[in-house]
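A.B. asks: Here are the chains, one letter per residue:
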Amino acid sequence: MSDLEPIAPRYVVRPRRRASPIWLVVAALAALLMLPIFVNSYTQYIVNTILLYSLVGLGFNIVLGYLGQLAFANAAFFGVGAYVSTLAAARLGIPFWISLLPCGVFGGMVGLLVALPALRLERYYLAIVTLTMGELLRWAYIHTDAITGGSSGVAVPDPIVFGHALTTDAQKYYVCLAVTVSLYWITRNLLRSRLGRALNAVRQNELAAASLGLSPVRVKMIAFAWSGFIVAIAGALFSIVLGRITPDSFDLTQLLLHFAIVMIGGLGSLAGSLIGAVLLTAAPELLRNVAGVQEIAFAMLLILVLLLMPQGLSGLLTRYVPALRDRFFGEEP
Amino acid sequence: MNPVLQVDGVTVRFAGLLALSDVSFSLAPGFIQAVIGPNGAGKSTLFGVISGYVKPESGRVTFANQDLTGWPPTAIARAGMRRTFQNGGIFRELTVLENVLTGIPQAWDFRIAATALRLPGIRRREAAAIGHARETLDRLGIADIADRVAGELPAGQQRLVEIARTIAARTQILLLDEPAVGLTLGELDRLGAVLRQLAAEGVSVLLVEHVIDFVMALGERILVLNHGEIIASGTPDEIRSHDAVLEAYLGRK
Amino acid sequence: MFLQLVTSGISQGSIYALVALGMTVLFRATAIVNFGHGELFMLGALFAYIFVQVVGLGFVPAAVASICVMFLVGLAIERLLIRPMGDASHMSTAMMTVAFSFLFKGLARYRYGGDVLSMPPVFSYPPIEVGGVVVTVQDVIIAGVTLGLVAVFLTTFRFSRFGRIAQAASQAPRGAVLVGINLPALHGAMWGISAALGAVAGILTAPISLIYPDMGGGVLMRAFAAMTLGGFGNFGGAVLGGLLVGIMEQLAGGYISSSLIDIFAYIVIVVVLLVFPSGLFGSKATVRV
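So the protein sequences, as listed, match chains A, B and C.
Using my numbering, the first residue of the first sequence is number 1, and each one after it goes up by one.
Using my numbering, the first residue of the second sequence is number 334, and each one after it goes up by one.
Using my numbering, the first residue of the third sequence is number 587, and each one after it goes up by one.
Accuracy of the hints is not assured; some may be wrong.
[Said to hold, decoys possible] Covered stretches of chain C (chain A as the covering partner; in silico rule of three or more C-beta atoms under 8 Å from a C-beta of chain A):
| no. | segment |
| --- | --- |
| 1 | 661-674 |
| 2 | 844-850 |
[What the hints assert, rightly or not] Distance windows between CB atoms, simulated:
| no. | chain 1 | residue 1 | chain 2 | residue 2 | range |
| --- | --- | --- | --- | --- | --- |
| 3 | A | R218 | B | R457 | 34 to 42 Å |
| 4 | C | V702 | A | W23 | 35 to 43 Å |
| 5 | B | G454 | A | A28 | 53 to 61 Å |
[To be verified] Away from chain A, derived, C-beta distances all over 12 Å, residues of chain C:
| no. | residue |
| --- | --- |
| 6 | V592 |
| 7 | V619 |
| 8 | G644 |
| 9 | G718 |
| 10 | S746 |
| 11 | G774 |
Because the hints were derived from the structure by calculation, they are not lab data.
These numbers were taken from a predicted model, which means no experiment stands behind them.
Even glycine gets a Cβ: it sits at the ideal position worked out from N, Cα and C.
Let's have the full structure, built from the sequences with the hints guiding it.
C.D. replies: Quick look at the structure:
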């Protein structure tokens, strides 16, 4: 069995890069900004959920796809972000927009904590210990009722942004959109740099990376912190989109969902995170209402993708749309 | 002239087997030195010790007057040494250009905040690195494959990519482990010319190789290893007619 | 109280030991960690229930039938889901095991919804009292079956021809193929055996605890704890680990707090992996950069 999952296949990249025609960008931007006018509340809610889960996929992909570590701490990061943001607002009165960045930082710190075992443990051991950390956190949420509301969770107060309370899905949409686009842009910049190359190098050949003066330890810690940062912020978004958070939203099943988003969308691919989220967002929504059919459908989808498209859907798409391919260097001089 | 690399009395044992026994030699700046010997002689182990992947049982490795015996590979690399790997150490899923770019910084300062926001300083740095990488590829004659994915290339070209990555940082010392494997005659000539050019610029090269013609044409000094010991050391002509060397390669008559 | 807790611990621990053993069999043979093993456990219990309640068999015939069915399920999983993946990475294979775990859970939930099923009590002998400790018949059966199975298993593996073939194949797959061992068939058999072992554990649990689609999750984590404690890939370690986890769980629950029972296994995992990663009998789990 091979050790590494090849990330989405990349063929010859034509050096000539034409900038997307400006009208296309403007049209896309306009469409995104005017979306709430054309959709009803429920669809808006689904769109919001897609956005935040694409961040979940993005964050998870950093550790799973680019760094190549089987670290299942995503649900832990997600939960930390959700609880910190919600409790800050509900118990301490800290407005959402102020607590958002600290949430991310908190997630980053948890990420560093997770990086420690990642430096020492191999594959399945790492998977198990990270799963465990997530479950321990969940136990903590359940058993510190006074603060966290225990198993019944806590209601999320309307998020306050610059003094205004957001009550509709449309308002929350703009927040989700802004945050998602920003984090994708930042991640794209980080990947198209020394850091992106370092990530790939450490995944593919640690010994060779060391011979270049590149410290695998430092790269891993950065990757985990960055992943934690993004997914925690996604967790904060999750809390305001849903309106209520319970420990069940961060259990093993949810983690496996995150895993599926990455695998189906395509491991190690920016486009993949988005695709996976679009496809699987219905699943988290519906699975919560315990219905066997949805689980079966989800399982069949997973099985099909794994058997027929091991590179995930982004692998398939990048064959036809070269612009979707990841690149790891910046601009030409 | 002070040697840039000094190896003294290095002994390495693997589970009771003596891989290197009391090996000593020095490498001067701007010199190309080759290490040859039959299979299993300990050549790659020697490289491992010098570059920090193998801890010697005894002995010392000094680089630019600094004792770096027992240092980890990353620290040694940052001190100014680069190496290639016998079985190939390229990053198969990155393009050729990206591979060479990984070789460029001598020290890895990520400057995360600036990179995240794509500040002009970072963009300039990246553009300069890309320019330098392309130059290096051009030097080795492989500029045309810059955007190919490294894993899809034939072995010889992969080797050249690895060498390009290794020389890109202009470090003081290069350790090349069998760089000539799989190269065509034209590519060999190119490589030899580039190495000589680098030596003229003051870079020291330690070379492990089996392709004898290449070694003889290039090496100013040749070390012969057998069973973990240095059995001969001298110029190509001296080695060619050295008894112990002939015996090691051809066997006793 | 101490002895009582230990006794329940042994009983619970035997279940964990069986589950861990099943997972270790598969891991040793194919280097695959089956994240869906908890669902095989659940299916074993479910099939036994079906054979008893729907088909009307007695408990023992139903158990045997369920085990046979689950062996076939294991074979089917290997043939239809794992083998076609060929040389895929660990991540993909792990995902596949997750996929069929969802599939089985979904099927169970679809058929039985949120119902929690119970098996009629199997034996109606009253519990025995030994030196102040209450021992139920179930406890004895569970411990006995586990002991017997483990003994049979270990001896067959070590001394029989099949066992030697399996060992050879796991240590040197390519060599095994060269020698003429039918590797795919062997892997299929290993999946079957692993599933059957999971089923046995499920069947033994069924009369005591209730049967519901999510019952596999908790057992999976305990099995991970057992394997981690005993050293991944070590049969004796898995069994011993399972027993220890069961006992320690009960003791912690009894003496400290009952809320600890749920996460005790997790604590074990974290402590063991961070302090002595090889577990009691395993080989090195750490990498050095």
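A.B. asks: For every hint, state whether the structure bears it out.
C.D. replies: Going down the list of hints, with the structure as the test:
{"no.": "1", "hint": "661-674", "result": "holds (count 5)"}
{"no.": "2", "hint": "844-850", "result": "holds (count 3)"}
{"no.": "3", "hint": "R218/A with R457/B: 34 to 42 Å", "result": "24 Å, violated"}
{"no.": "4", "hint": "V702/C with W23/A: 35 to 43 Å", "result": "60 Å, violated"}
{"no.": "5", "hint": "G454/B with A28/A: 53 to 61 Å", "result": "30 Å, violated"}
{"no.": "6", "hint": "V592", "result": "24 Å, holds"}
{"no.": "7", "hint": "V619", "result": "5 Å, violated"}
{"no.": "8", "hint": "G644", "result": "29 Å, holds"}
{"no.": "9", "hint": "G718", "result": "32 Å, holds"}
{"no.": "10", "hint": "S746", "result": "27 Å, holds"}
{"no.": "11", "hint": "G774", "result": "16 Å, holds"}
Violation of the numbered hints given earlier is confined to hints 3, 4, 5 and 7; the remaining hints are satisfied by the structure.
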